[in-house]
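K.L.:
As a plain string of letters, each chain reads:
There are 2 protein chains.
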Amino acid sequence: MSIKEKIIDESLKLFSVKGFMTTSVTDIIQAAGTSKGGFYNHFKSKEDLYFATLSRARKLWQEKNLSGTEEIERPLEKIKKILENYRDKYLADQHNFPGGCIFINLSVELNDQAPKLAQEVNKGFERLKNMFRTLLDEEKKRGGLAEGVNTRKVTEMIFSGLLGACVMYTADKSKENLDYTIASLTDHLSQIQK
Amino acid sequence: MSIKEKIIDESLKLFSVKGFMTTSVTDIIQAAGTSKGGFYNHFKSKEDLYFATLSRARKLWQEKNLSGTEEIERPLEKIKKILENYRDKYLADQHNFPGGCIFINLSVELNDQAPKLAQEVNKGFERLKNMFRTLLDEEKKRGGLAEGVNTRKVTEMIFSGLLGACVMYTADKSKENLDYTIASLTDHLSQIQK
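Chains A and B supply the protein sequences, listed in that same order. Using the working numbering, read the first sequence as starting at 1 and increasing by one per residue. Using the working numbering, read the second sequence as starting at 1 and increasing by one per residue.
Derived by calculation from the structure, the hints in this document are not laboratory data. None of these values were measured; they are calculated from a predicted model. Among these hints, one or two may not hold up.
Since the list gives no way to pick one copy over another, a pair counts as held whenever it fits inside one copy or between any two copies.
[To be verified] Heads up, simulated PhoX-like pairs for lysine-lysine below, C-alpha to C-alpha not over 20 Å straight-line:
no., residue 1, residue 2
1, K123, K173
2, K64, K18
3, K123, K81
4, K80, K173
5, K4, K175
6, K140, K6
7, K140, K13
8, K46, K129
9, K129, K141
One chain only, chain A, in its complex shape (with noise of 0.2 Å):
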């Protein structure tokens, strides 16, 4: 591992952990076992590690909660593809989240605070959302959802829902309960299928 991702794997964990305003360049130094002139060498400031963290972030969003969607034909069982990957390897990734997940701490934590590096967190939620709602249209389009269902409610549901669970289990960390939100939601979506 570069010295570059060495920064930022620490910076996922320090800022997952601590937040961003608390964690100082002083702190990332010391976890990544590097120098001031090595952290400056490849960042302007903790500003420019935000972003670049957040992009790693995200990267490993995708991997975990999209693995395996491609194989699947039917959007609506793409959804509920994602909503087990959310339970089963997104959530459980200690390593690389151990205080939960990074995008909703970062949101709560900064829409006051900074909220030019909050909207960057909430521009992944509206594409998260959007891809929930495009999945959902789809499957309307090809007459697989139930007559007059709303695709945004449903879309809205399920995102707050997962958000929802995020927040609950990194309070409760009860596996049980994280299994009857997703088994509530899958259910759902069962309910608006024809």
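On the provided structure of chain A, position chain B as indicated by the hints.
P.N.:
Leaving out everything else, chain B in the frame of chain A:
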């Protein structure tokens, strides 16, 4: 308003926006227009204030979210009323909670850094979930739910939906998206009722 109440009131706002760890006693003293003496007259420590603030936040939560539920007889309709209140009376309260839902903010911030303090928030989450579960079980007992409805699953979904709706609303400030989420949760409740 007494000095003690003023301190709690300002802490509610500061913890909600800046978080607990980064809010100093000095920040609180300044916001409340008092002195160190004035502060320590009422609170042994910042931790002591933390519990008093949470207790006040909980009272506010109940006042807003449970408002009008007592007059409703049917348990399932009580839950729908709470969902509406959450949307219209709670999340909209920019005065007391300028930084979004203080419980979620504190839970996300403190879970790794101060588990004992986070636990106090998480206990509140459990209590709220138990309330939903009890209402759903009562509804089931009186025969108001469709065959085979698992009340625990529904509880977890409603609860995660509420948490997620708050995270998302704090991020995008979109009343429209919030309306869709709450409508979708309410729809789900209507689907399972007999």
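K.L.:
Looking back at the hints listed earlier, which ones does the structure fail to meet?
P.N.:
2, 3, 4, 5, 6, 7, 8
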